[in-house]
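Student: Residue numbers (the numbering used here), protein chains in the order written: chain B, 1 to 247; chain R, 248 to 539.
Worth flagging that the hints you see were computed from the coordinates, not collected in a lab.
No incorrect hints appear here.
Which chain R residues stay away from chain B? Per the calculated CB distances, all over 12 angstroms, these: (1) Gly270; (2) His365; (3) Gly395; (4) Glu459; (5) Gln527.
To give an idea of the chain R side of the interface with chain B (calculated C-beta under 7 angstroms), a few residues: (6) Thr327; (7) Arg338; (8) Gln342; (9) Gly344; (10) Ser378; (11) Asp379.
With a cut-off of at most 35 angstroms between alpha-carbon atoms, the simulated DSBU-like pairs for lysine-lysine come out as follows: (12) Lys238/B with Lys503/R; (13) Lys458/R with Lys256/R; (14) Lys438/R with Lys256/R; (15) Lys458/R with Lys438/R; (16) Lys154/B with Lys503/R.
Idealized CB from N, CA, C, for every residue including glycine.
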Amino acid sequence: MSPTVAAASRAEVCAVACAELFRGDGEIVAAAVAGFVPMLGSRLARATFAPDLLTTDGGPVLSAEPAPLGASAAVAEGWLPFRDHLWLVLNGRRHVVMGPSQIDPYGTMNISAIGDWERPTRQLLGSRGAPGNTRLNPTSYWVPRHSTRVFTEKVDFASGVGWDRGAREIRAVVTNLCVFDFATPDHRMRLRTVHPGVRVDDVLAATGFEPVVPDEVPETRVPTAEELRIMREVLDPKGLRDREVPA
Amino acid sequence: MTTTAGPGKVMSIDEVVGSLADGMTVGIGGWGSRRKPMALVRAICRSPLRDLTVVSYGGPDVGLLCAAGKVRRLVTAFATLDSIPLEPHFRAARQDGAIELTEYDEGMFMFGLYAAAHGLPFLPTPAGLGSDVLRVNPSLRTVRSPYGDEELVAVPALRLDVALVHMNRADARGNAQYLGPDPYMDDLFVKAAGASYVSCERLVDTSDLLKEGPLQSLLISRAHVAGVVETPNGAHFTDCEPDHRRDEAFQRLYAKAAADPGAWAAFAERFLSGDETAYQDAVRAFREESPR
Chain B
1 MSPTVAAASR AEVCAVACAE LFRGDGEIVA AAVAGFVPML GSRLARATFA PDLLTTDGGP
61 VLSAEPAPLG ASAAVAEGWL PFRDHLWLVL NGRRHVVMGP SQIDPYGTMN ISAIGDWERP
121 TRQLLGSRGA PGNTRLNPTS YWVPRHSTRV FTEKVDFASG VGWDRGAREI RAVVTNLCVF
181 DFATPDHRMR LRTVHPGVRV DDVLAATGFE PVVPDEVPET RVPTAEELRI MREVLDPKGL
241 RDREVPA
Chain R
248 MTTTAGPGKV MSIDEVVGSL ADGMTVGIGG WGSRRKPMAL VRAICRSPLR DLTVVSYGGP
308 DVGLLCAAGK VRRLVTAFAT LDSIPLEPHF RAARQDGAIE LTEYDEGMFM FGLYAAAHGL
368 PFLPTPAGLG SDVLRVNPSL RTVRSPYGDE ELVAVPALRL DVALVHMNRA DARGNAQYLG
428 PDPYMDDLFV KAAGASYVSC ERLVDTSDLL KEGPLQSLLI SRAHVAGVVE TPNGAHFTDC
488 EPDHRRDEAF QRLYAKAAAD PGAWAAFAER FLSGDETAYQ DAVRAFREES PR
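Can you make the complete structure from the sequences, with help from the hints?
Tutor: Take a look at the structure:
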């Protein structure tokens with residue numbers, strides 16, 4: 001019999017959903033820059049079902065083993081300074097997870113500015129690597145606070161391109177409520193799973209456009225006992241994941 | 248004769264800034280809030296220089312220059328403090344319409360530097376296609392591959408009048424070394440510029456350069472350097488591993504003050520009203536009164 005394990009938190013469900021983004025990716029760099037949860041997810045994937053993934057310690061070090069969040073790599077297996085990240089974007093052996101401030105039904109996203117770009121009401125980061133990432137690398141998104149402000153019919157600025165603007169592959173969007181994919185004939189966003197305790201209506205109320213909703217929407221896979229152990233004891237003992245996604 | 252003999256290029260901070268002129272295009276090395284030539288940036292803020300075009304993977308260098316009203320146009324892919332995502336002065340400058348912006352993708356930006364560093368008019372890349380980066384930069388052109396049918400963005404050379412970079416070590420001739428984990432694009436900035444100035448944590452004899460790092464840590468050659476200036480803790484408050492890490496407490500103070508005009512006036516009075524020595528003294532005093 002397996003020992004009793006405290007039920008998975010929402011953040012842990014999200015981290016496993018982020019890990020699933022990398023299933024089948026093989027020997028590529030997981031660039032999960034959007035936050036603690038996708039970073040944890042990429043390292044969890046590597047520690048379990050995707051051992052060939054390359055992951056960093058959050059800096060330019062490719063770690064020999066998945067590094068705990070916030071820790072330096074105990075052993076380095078490679079070096080990936082910013083310039084090589086940018087070359088790797090062109091090379092393609094990279095799957096990036098970014099955090100959109102706005103995202104539209106086809107996965108076009110904005111991290112540049114809210115309002116008119118010429119004189120924004122809210123200046124954000126700037127485009128960063130989003131134009132190249134989305135054009136050239138498989139790209140997924142992490143949204144820790146799912147809301148109608150993030151999921152918008154139109155974005156104010158197309159920093160990253162979606163399926164309708166020549167993206168290589170927008171794979172999925174993991175949020176604190178659900179997982180979307182784009183497995184529809186025209187690559188419109190589709191509700192793939194809802195997290196345990198979330199209703200489809202909760203998702204629709206927090207989404208500023210109508211995603212495709214299948215008749216049956218399954219629940220997001222919950223972490224296994226081993227995945228929970230790895231997250232809690234090895235990769236994130238400080239619980240940074242729960243700061244990003246309140247229970 | 249020692250190995251440091253020859254025409255030295257050692258300058259003072261004020262001499263470096265005094266060699267700049269209004270309207271110049273100034274490239275600034277580092278990345279975000281990492282290894283920025285902040286002592287030189289602070290000196291530009293104190294100077295009468297104006298109407299600069301600043302080319303930078305932006306951090307608090309961009310913020311301070313915006314706050315001081317030195318920037319006419321910014322060329323960048325982002326401005327961030329890294330551990331604090333958004334740069335408050337950059338945000339305010341954009342929201343007030345105080346600066347013009349050329350917004351590129353990070354890779355496009357690197358190719359612009361790369362082209363300029365190698366004397367090429369442009370470099371082609373697929374990055375940017377389909378995005379609004381092309382919409383807001385209508386002067387950007389695309390090219391078709393002469394070997395196929397692909398359409399690519401022709402990123403124009405990002406030629407700089409001057410580049411400013413901060414390195415861990417340098418010698419008096421301008422050879423410069425990084426000892427941290429990432430060279431950023433500093434060698435490209437230097438090669439893309441008509442004149443480059445290196446500030447460094449410590450000036451050392453040429454014969455001592457390899458005592459602290461391997462041969463390949465000698466990132467910048469004197470062939471590209473017009474002047475070198477020793478500025479201990481000169482990247483403060485940005486990260487400058489291994490000499491000093493980012494001063495997170497000070498950065499929080501900066502970001503909090505920058506978001507509020509009244510608080511900013513007090514911050515500027517306390518830290519930015521004097522020269523670099525006064526700045527470093529004020530930072531030491533801040534550290535002593537706020538133990539970590």
